[in-house]
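Student: Model the full assembly from the supplied sequences, consistent with the hints where possible.
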Amino acid sequence: MQFDKDAVRAAARGRWGEILGHFSNGALDEAIAADGRHVICPFHDDTHPSFRIDNLDEGTAICSCGTFDGIELLRQANGWDFPTTLARLAGFLGVLGANGSTGHIADMMTAVANAKRMPIESMRVYGAVPAKRGKLDVVRFPVWNERGAQHSYFDLTTTGKGWFKKAESKSEKTSGLFFPNRLPQPGETWLLVEGPKDACALHGIGYINTCGCDTDRLAQRYVRLFRDVIVVIVPDRTADAEAKAETSAARLYGVAASVRIATLPLPIAISSDQPNDARDVLRLPAGERLLRAAVEDARSWDPPRPDPEIPSIATAEGQTDVANGRRLVRMHGMNLRYVGPWEKWLYYNGATWVLDNMQRVEQWAKGLVPEVFTDIGKCGAVHGGMVNFAKKTASMSGLSNAIRAARSELAIHHESLNREPYLLNVRNGTLNLRTLELRSHRREDLLTQLAPVDFDPDADCRLWLEFLRQITDGNDDLIAYLRRLVGYSLTGVVSEHLVAICYGAGANGKSVFLNCVMSMMGPDYSLQCPPNMLMIRKKEPHPTELADLFGRRLAAAVETEFGSRLSESLVKTLTGGDRIRARRCFEDHWEFSPTHKLWMATNHRPVIRGTDEGIWRRVKLIPFTVTIPPDRQDRNLLQKLQSELSGILNWALLGCQEWQHDGLGEPSLVSDATTAFRAESNVISLFLDDCCDFAPDSRVGAAELFRAYKDWGGRMSQTAFGAELAMKYEKRKSHGCNVYVGLALKPSMNGHVGEG
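Position in the sequence shown counted from 1, then plus 59, gives you this note's numbering.
Some hints here could point you the wrong way.
To be verified - No farther apart than 20 angstroms at their CA atoms in a straight line, the calculated lysine to any residue pairs in the SDA-like style are these:
1. Lys805 / Asp770
2. Lys303 / Ser317
3. Lys220 / Arg199
4. Lys232 / Tyr212
5. Lys191 / Ser234
6. Lys631 / Pro589
The hints are simulated quantities; they were obtained by calculation from the structure and are not laboratory data.
Remember, predicted model here, so these are calculated numbers, not experimental data.
Tutor: Dropping the structure here:
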């Protein structure tokens, strides 16, 4: 069998990483992973690294023993002769031989599957079968029409883009959609991708509801097939494909249950002569993860707000507050939104939406006056009513009425804000926490938060890493856990249901650690709560305290008071993922879904009376056991660390990726400390509940209480028992003896103390 060497090389261009990984039996894996760096040559006795892959797209390599093209690399790695190497490569790529055969690949289905990177089982689900197009061997896919019936076919070979059935008349339509042998049903989620090849590729990784179509101009006649279906459009990543997908989205809007548009990651082109499509993404390292992230992060599509229709100012309708409200929308509507439940305006500052506390909307409304005079100037004849209306517009009541009239034109719900949990807004763009892709700020993201840091993938944080090693005593497992916790805290996800308690005596760096993380995230994303917010108080927390949690991703209580008792019900509420009811001053109550992660930094462990799993599975006690001596304390450390915020962000992003892949992975140091804390808390609580009454004016002698504890069966030493009680109850001197305030032994215990 003869094969055209140039045709095989052309088909292999851009696919050599895939080819060498498939055929080299591991001999070239190290060189491929080295990304152009020298490694030990796999083909000769090499004592120093001298071999490197020069161009992975072209498959070329350089070594002290010679130069190699891709075909020669395969031949050397497998010990084949040249004709065998060429034939096997042609078979893998689906390149036809001189007689139209693929040689080592027995049938056309396999040849096309390999050439177009489609799983053959998925091809069969889409109805593909071997066929003939004239004398040419092809794989034929059925094509579905707007009635949901198969009416035509589409042919693919190992090369080229493929062809629909040739129309027999001008009126015959042979194009259509590609379905996996079933039609969409209401309530299902369906992906719309470019053609049958991408449809089969996505089906092969588990997206079984995928339709191949023309994503940039889905014909109106097909829209009915997606009634009440959740649609995610996944267009190619070309210069205009995503913009054109808006046309398809507009046609589906109002018929489909919802429409979203996914953005494939950049850069994804494997070589310049190949399109940027879903199959290209799947060829990348971690390509499946990137593709799934793109689908999950697809943006919701809503029709653009039309320019408001404004009646002519020469008419009575044009001389109203409503007309002025629409003029204001025409002038500034792009940069204004009104949050109905809050009764507050937001304006867009180029990077984020900001609460209008400086009367920006009022300043902009003053521009209505020249706008009204401009409209008057466009009229042929000016009458007194127009001039009077212009004067009325210039009054404070006229401006206020126009602003009020504009509300309904620009109203949004507060839950439309910050709704993408894996977007992080930074100074130089918006960062996707799944893909680490940075893009420009967008109004339509409706983000009200900005971290005061630039994303610089090359930034480091040497001082920060040195600081972490110091405060953890070089415990790599604890450092990695903190990294994952902080990375998780960058997101708006609350799936872990925990409260992280950084605990230890003073001068151990825990507050500096947490304050530095909060500096990196900034006040928009992080919140320092009142120290006693999570503790039991005489009064319930004010609703404004809870409202401050809206949109925050990290909420920290620092330096809680000695002996404070944790409000277990509140912690459960704030870490359980349930909706939170809150309000600000002069507002009605409103609800929101939490995005925050709770942290505490304290010298004293909080008192936890509860013994149920509901509270203890949330508690993660992180011990900070190193005390920094005074001569090694740096009063300016936090300021120095703030110069590394971009690097600290990279450290946290690494933790975020680790958490997404592997979870938090709690180290034994944390689990052991938490278990011990629970055991101590439970023993004391059980004893107190069994043997004591609680009243603010009660007193009990320390020695008497310890004897009761031992008689009850307690095993703690007197020193440990006293230290634990001292964390929960006030200890005083009375007549030369130590007593605890707020406790009294139950009458039933009095006869037992000292017996036995």
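Student: With reference to the structure, classify each hint as holding or not holding.
Tutor: Quick rundown of the hints versus the structure:
1. Lys805 / Asp770: holds, 14 angstroms
2. Lys303 / Ser317: holds, 18 angstroms
3. Lys220 / Arg199: holds, 13 angstroms
4. Lys232 / Tyr212: Measuring from Cα to Cα gives roughly 11 angstroms; hence the hint holds.
5. Lys191 / Ser234: Given that 20 angstroms is the threshold and the Cα spacing comes to 19 angstroms, the pair holds.
6. Lys631 / Pro589: holds, 18 angstroms
Figure legend: structure checked against the earlier numbered hints; every hint is met.
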